[in-house]
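Taken in sequence, the protein lines are chains P and G.
FYI, the numbering for the first sequence is 50 to 282, going by the numbering used here.
FYI, the numbering for the second sequence is 50 to 282, going by the numbering used here.
Errors might be hidden in some of the hints.
What the hints assert, rightly or not - A few chain P residues facing chain G, derived, Cβ under 8 Å: (1) L100; (2) W141; (3) K145; (4) L184; (5) P196; (6) P218; (7) P220; (8) R223; (9) V263; (10) R264; (11) L265; (12) R266; (13) Y273; (14) H279.
As the list claims (entries may be wrong) - Straight-line alpha carbon distances no greater than 30 Å define the calculated DSS-like cross-link-like pairs of lysine-lysine that follow: (15) P:K160 with G:K181; (16) P:K92 with P:K81; (17) G:K134 with P:K181.
Because the hints were derived from the structure by calculation, they are not lab data.
Backbone N, C-alpha and C fix where the C-beta goes; we use that ideal spot for every residue, glycine too.
There are 2 protein chains.
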Amino acid sequence: MNNLFYSTDIRDGFVRFDEEESRHLATVLRHKVGDQLVVTDGKGMRYETELVETGKKGVIARILESELRAPEQRARLHVAMAPTKNTDRLEWFLEKAGEMGIDEFTPLLCKRGIRDRLRYDRLERIMVSAMKQSLRYYLPKLNPLTPFETLVQNTTAAQRFIPWCDDAPQPHLRELLRRDQDTLILIGPEGDFSPEEVALARAQQFQEVSLGDVRLRAETAALYVVMGFHWNQ
Amino acid sequence: MNNLFYSTDIRDGFVRFDEEESRHLATVLRHKVGDQLVVTDGKGMRYETELVETGKKGVIARILESELRAPEQRARLHVAMAPTKNTDRLEWFLEKAGEMGIDEFTPLLCKRGIRDRLRYDRLERIMVSAMKQSLRYYLPKLNPLTPFETLVQNTTAAQRFIPWCDDAPQPHLRELLRRDQDTLILIGPEGDFSPEEVALARAQQFQEVSLGDVRLRAETAALYVVMGFHWNQ
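Looking at chain P on its own, in the form it has when it is part of the complex (with noise of 0.2 Å):
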């Protein structure tokens, strides 16, 4: 399979592309009648389907087969991050997270980050390419922008890590991160986590650990816990 395809208007045994997908099926990749696609809906669904309609009015599908994928076999990863000032910087945080595999993200509001309005229906658009590049059948977890006190307060999550930059020595983020448990990673903004909010987060049981020795924006410490969450699989 080359490409794969997503829609959320799956109904009576036909699948319907929005504007968007529409255009780029027919316009762009030239697609005609009788020519057969890979759909997703991005809730585990595969369908293998047959163009039936390439007109303006939107390109539609007939479902051949449909079968349910199971989920990677693996932990649970949800990562929150302060938004960067920069929007291009956490577009391309999550075009790539999307890409190793990431099955939430929250927006987080903190002391020192940014509290500008997200362009969701972007965000939403990357996570959907990053998934349909990747081939994947599960789309990503977007949730709003979230203050830190609300998420720490209400995660389940088995294991929970807050890296900041503390003048005492911490443990790598590697040497405590575990295979086999669902995962949230926070990642601060440009200024780090306030020691409130270290504080809030340790009295919920997160741990405080350390990315190394290094300096990195706060796009690239995100992109760094989720690729070594998955060097560590």
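Start from chain P and add chain G according to the hints.
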């Protein structure tokens, strides 16, 4: 230290900054005569300096102290990668690899890769910027576009790896990557290495590896091996 500056024009007890760095220092950061700055030459030197001139001829600083810093205490990492068609992606990789720590980068001329001219000045600027961002004193070596055979036949790296998509199972890079040996890792073009290229590498003691059951863009695979190398330290 908040900022690290760069110059290669270091003589007679003075540091002279080029046009771009001068503009950044004088106009963006608005430094004044008397301000103290830390400067590197990218070859290990760390200079404590004091600004003596901020005029249109360029910024000049007087050296107060100089020190040769030891290189990072770890094995050397050399990545050779077939450049991506989209140069943004290659540039992102170099920026992130520079933040994590890389010692040498070779753009690779492969059978299935692109053959366009590279903007070396741009790539060098990105590597200088990443070096400054990460407060390092050693600029990674940037080699010219090198034919696959030339690199593979002339490398002296103690351990050398060629990740590629074989139908037969391969060990993951993480199983074979030793922490204490200078390392060369090749990253192929979107169409992967050709069987002849793999055979050539095999004959030169390259170890064939997988990067896992993932479908990664070339620049993501390249960054994954850099981040995996550091996770492994």
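These are the hints, each one checked on the structure:
1. Because the beta carbon of L100 of chain P sits about 24 Å from the nearest beta carbon in chain G, more than 8 Å, this interface hint is broken.
2. Here the hint on W141 of chain P is kept, as its CB sits about 6 Å from the closest CB of chain G, short of 8 Å.
3. The interface hint given for K145 of chain P is met, as the beta carbon of that residue sits about 5 Å from the closest beta carbon of chain G, less than 8 Å.
4. Nearest Cβ of chain G to the Cβ of L184 of chain P: about 6 Å, under the 8 Å cut. The hint holds.
5. Hint on P196 of chain P is violated. Least Cβ distance to chain G is approximately 29 Å, over the 8 Å limit.
6. Taking 8 Å as the C-beta contact cut-off toward chain G, the hint placing P218 of chain P at the interface is violated, the least distance being around 16 Å.
7. Checking P220 of chain P against chain G by beta carbon gives a least distance of about 14 Å; that is not within 8 Å, so the hint is violated.
8. Because the beta carbon of R223 of chain P sits about 6 Å from the nearest beta carbon in chain G, less than 8 Å, this interface hint is met.
9. Nearest Cβ of chain G to the Cβ of V263 of chain P: about 7 Å, under the 8 Å cut. The hint holds.
10. With 8 Å as the threshold, the beta carbon of R264 of chain P comes within range of chain G, its nearest partner Cβ sitting at about 5 Å, so the hint holds.
11. Annotation: interface hint on L265 of chain P holds; nearest CB of chain G at approximately 5 Å, less than 8 Å.
12. The criterion of a C-beta within 8 Å of any C-beta in chain G is met by R266 of chain P, whose closest approach is roughly 6 Å, and the hint holds.
13. A distance limit of 8 Å between C-beta atoms decides the matter here; for Y273 of chain P the minimum to chain G is near 5 Å, and the interface restraint holds.
14. With a least beta-carbon distance of about 7 Å to chain G, the hint placing H279 of chain P at the interface is held under the 8 Å criterion.
15. Straight-line distance between C-alpha atoms of K160 of chain P and K181 of chain G comes to about 27 Å, which keeps the hinted pair within the 30 Å bound.
16. A distance of roughly 27 Å separates the Cα atoms of K92 of chain P and K81 of chain P; the hinted pair therefore holds under the 30 Å criterion.
17. A hinted pair counts as satisfied when its Cα atoms are at most 30 Å apart, and K134 of chain G with K181 of chain P qualifies at roughly 20 Å.
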